[in-house]
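> With chain A held as given, fit chain B onto it using these hints.
Protein chains: 2
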Amino acid sequence: MKIQPRNKRELMAAALGRIECDFAVTNCRYLNLFTGEEYPATVYIHDGFVVHVEPNPKSAPEKAKQVVDAGGRYILPGLIDAHVHIESSLMTPPVFASAVVPHGVTCVITDPHEIGNVLGEEAVVYMHDAGSDLPMYQFIDIPSCVPSVPGLEEAGASFDASVIDRLAKLPHVIGLAEVMDFLGVVDGEDRMMEIIDAAERNGLYLQGHLPAGFGRLVSAYRIGGPLTCHETGRPGEALDKLRAGMYVDARESSMCYNLPTIWNDVKDLPWRDRLSLCTDDREADDILANGQLDLVLRNIIKLGMDPIEAIRAATLHPAQEAGLENLGAVAPGYVANFLLVDDLEQFTVHAVYFEGREVAREGRLLTAIPRRQFAVEQKNSVNAPDLTLEDFRLRAPAGCGDRVRINVLTYGDYTSLTRIESEELPVKDGFVDISGDDELCFAMVVNRYGTGNRTFGLVRGFGLARGADGSTISHDCHNLTLVFRDPESALAVYNQLRSVGGGICAAENGKVVCTLALPVGGLMSADPAEQTAAAATAMKQALRELGLEMTNPLLRIATLALPVVPAAKFTDLGLVDVMKKAFVPIFPEN
Amino acid sequence: MKIQPRNKRELMAAALGRIECDFAVTNCRYLNLFTGEEYPATVYIHDGFVVHVEPNPKSAPEKAKQVVDAGGRYILPGLIDAHVHIESSLMTPPVFASAVVPHGVTCVITDPHEIGNVLGEEAVVYMHDAGSDLPMYQFIDIPSCVPSVPGLEEAGASFDASVIDRLAKLPHVIGLAEVMDFLGVVDGEDRMMEIIDAAERNGLYLQGHLPAGFGRLVSAYRIGGPLTCHETGRPGEALDKLRAGMYVDARESSMCYNLPTIWNDVKDLPWRDRLSLCTDDREADDILANGQLDLVLRNIIKLGMDPIEAIRAATLHPAQEAGLENLGAVAPGYVANFLLVDDLEQFTVHAVYFEGREVAREGRLLTAIPRRQFAVEQKNSVNAPDLTLEDFRLRAPAGCGDRVRINVLTYGDYTSLTRIESEELPVKDGFVDISGDDELCFAMVVNRYGTGNRTFGLVRGFGLARGADGSTISHDCHNLTLVFRDPESALAVYNQLRSVGGGICAAENGKVVCTLALPVGGLMSADPAEQTAAAATAMKQALRELGLEMTNPLLRIATLALPVVPAAKFTDLGLVDVMKKAFVPIFPEN
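In order, the protein sequence lines correspond to chains A and B.
So for the first sequence, numbering that gives the first Met the number 0 puts the first residue at 0; every next one is plus one.
So for the second sequence, numbering that gives the first Met the number 0 puts the first residue at 0; every next one is plus one.
Here chain A stands alone, though its shape is the one from the complex (with noise of 0.2 Å):
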């Protein structure tokens, strides 16, 4: 993927000096991402794009109809994200750009994954088109596991290469997002290798999703087709993927701290060429406050890596594992995606310019984003039965007596790692009673794409001490899940999630006490920014005092329905034993 000039001749004219060009920046400290090098520099930038820089200029610019004076602070191309998930920040594309551009991010490489799930290929359209004509660019990777796992739970759609091949015209899709089916790509199974031929076929890259890739694991999938991978989590793990040729992608979400294992594991190596940064899932409120890229960067320096090639993780190399082109570097051809920065280690973005136009100043937005109208923000996605506080009951299987066996999604202390344990439990009145265990809560999983599917058991350990957590965000098919103490707050949770079109709801004594309304795709909201991050920071304060105490209780509910992390889970089709990724009864043969 190349960003075509409109007129390529006159930027070569602009180049030789033999027309003005648009504007040049002067006084400014230039890192030369191709060589290593530190020089000062004239940058002339000519509609949208680099057409010069001057190294040790001994003179004031010439041809220039604009002089910036940089005023001797650090000139960097806009930061890159190699992976990211827009719909993880709770915001629109829109309202994501408003977000992410003071930062200095001012291109991500994004798997709209989630709401592919929940509203197939138009969903993929909708975040195309959304993420259009934005002061930053939006590239779509298309995802290439929806569903997960098939025949396990049932989401909004399945893509196949035929959705691949569709998708693969859209002018910015330049990838297959995350194959995070794994097994399936080694395995060799039908569904994975016609998405992967589809993929190459239409000249896309493949991103990466291997989690524990260690040695011939890596080498097969390698293999398979994907060139990147951003699961990269355990000590020796990145050395195994750099060494075969991979892209590691480092990450820093809301909830995964990859970097310091990272980075020492490459530490010591001669080269990192292929160390890029990402986010993959980071919240409105964790982003308005912390950063996004900018963060990431900012934590890989303080760890120890040398300012000049962070940044080429955070631009570069990204770029070049997507195969853009023209973009990642400060250099003649490309587009004039750049930064002014004051210090390399504190990373503080002065200016931020999108095809050459200065679209953030000192963490202000400059640019107003409009506020466009698209089908797809309009539907509600929702399509969940009416309920009544009878379905919250549990029913114990008749004839049981006062007494019963039971199969309980277990979780271990302080991980999302679960287990299925066989309970006995107390039945009152025909229904599973567990008013007498604090550790326990019911668990529901009701699909929302109208097919009926529902799934009722109970959790231990998920954390929630009261009232009911509710929530349209459940990887990856986001059917609505609900945890509760209450059939009561169940109920109100429910048909708040309901009536709002989805999102992320607290009820307490069969009252709501939060709403984080998400009602595009029950997984975004098109308010500004800031509105969203409050909300976010609300709905956490709401779970907290409701028992869940972990540092973001936001995600709790949101892996209980995602059948690809071991050992146990919960989808609208049943309880899931992941490793054998087969269905166990709730109530055993009691």
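Just so you know, these hints were derived from the structure itself, not from any lab.
Just so you know, nobody snuck in bad clues.
It does not matter which identical chain is meant; a pair holds if it fits inside one copy or across any two.
Simulated pairs of lysine-lysine, DSSO-like, Cα-Cα distance not exceeding 27 Å:
1) K266 / K57
2) K510 / K427
3) K168 / K1
4) K301 / K266
5) K168 / K378
Same frame as chain A, but now just chain B:
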């Protein structure tokens, strides 16, 4: 361009150790070109691909049908020549392969520019087809400038954007070859803009050609599209190109030794990721005696480059610049083109593997290259008119008396740079008489594509003391070019070249003394490499005996008609002032 395996599932199964792979290479020193590390490794090969590299193996290979003991040697990727004209070797593609494979060259990126000018599109198809099914890859970049300078000369063909569109469909076509008309590019001339657009539309990378390229010219050319340049000979030039993000293909041809200058430019840079090696033009005798890309590699190591980085510049970097996704490394998913090498400084190639098969050992080819028939090889490309002795006497304009003013193409000392000098010379019996001046020769360029064009003039300082030198290798249109002292020798050479279908020929006293027959397009021979090398050596000796005392007398005549090299040239259309792109009369108004 990604080389696809026959059965990806099987490769993945072999990587995982689920099935036995074809063989494993043990006891080798492995250089990781991604990380810069060296460690012992076992390399697993299956069905022509590397499936797994086990670092620091603690046990004997597992799941391998055979084991190859590398005897403690280095295992390295096969060398990749970033830019070469196979025609310049004087050998057809299969013969070229037989000569270079034992040197460890398993891939070249070739520009069939010479034969393209002679025989057009069908010649590119010929080079493509003849370069397929060999124990090496010969990828094709489509000649971009056929003819080099429209209007100043007439070639056998003319390529426009529609030719690019058609040729881009050939499976081994990967790029647009050296865009020589750099003024046409930066001036935005229609021809070059359309050709570049066609190349980009077809997903081809753009190979450049920018001699004496500095500063703003590099910027403008880079904006125009070309990514690489192998014409880097002056101090500071490599630095300017690398800084602008271009790949510098450091060249050592049989004529040009650019390495010392380039190395001096780049040796202190922190990063040299975009430095590649290439040969451009090397003749059969030079290849057999001294080597091909292996020689360039040895020489840059001698200059001081770290061997592992030099190897990267001869393997992974050329692959990256040309978009060859799974060539240039010994890594999972990469084609099993690799070498076993005794030591890095001497670079003694012990064994060469291509697609997992040993194809050369200790400098000897182990595989037969079948002799195939191609229509182009049978075609007589020399369509020049019958001429008589009279035609080789230079008639002075009528009425000029016994002296005539004439524009003489004049060589500087020891260089191929030329200028036009006006001289007054004696006329005898109506013909220009050079018998009294040892430094003058007649020069004639005869169009060999049936147009009837012919230019006849004088050259000073060429170096020929007696007899005649003639060649159908005459860049870039390859018209039949003669330099001679006496008409009898000229006629003998002319008729000999017509009768053998082209090549190089020397005569003295009216008799042919040596012929290097190159009947394939008048440029190449399908004879065995040793035979062509011996004939080239003999030809050089014969020309030396006629007074051509430079290092390579073979190519002295080959640039006489090349109107892109300053400042004066003969073409079939006349005497050219190169800088003015205009013709100058041989005889000014007398």
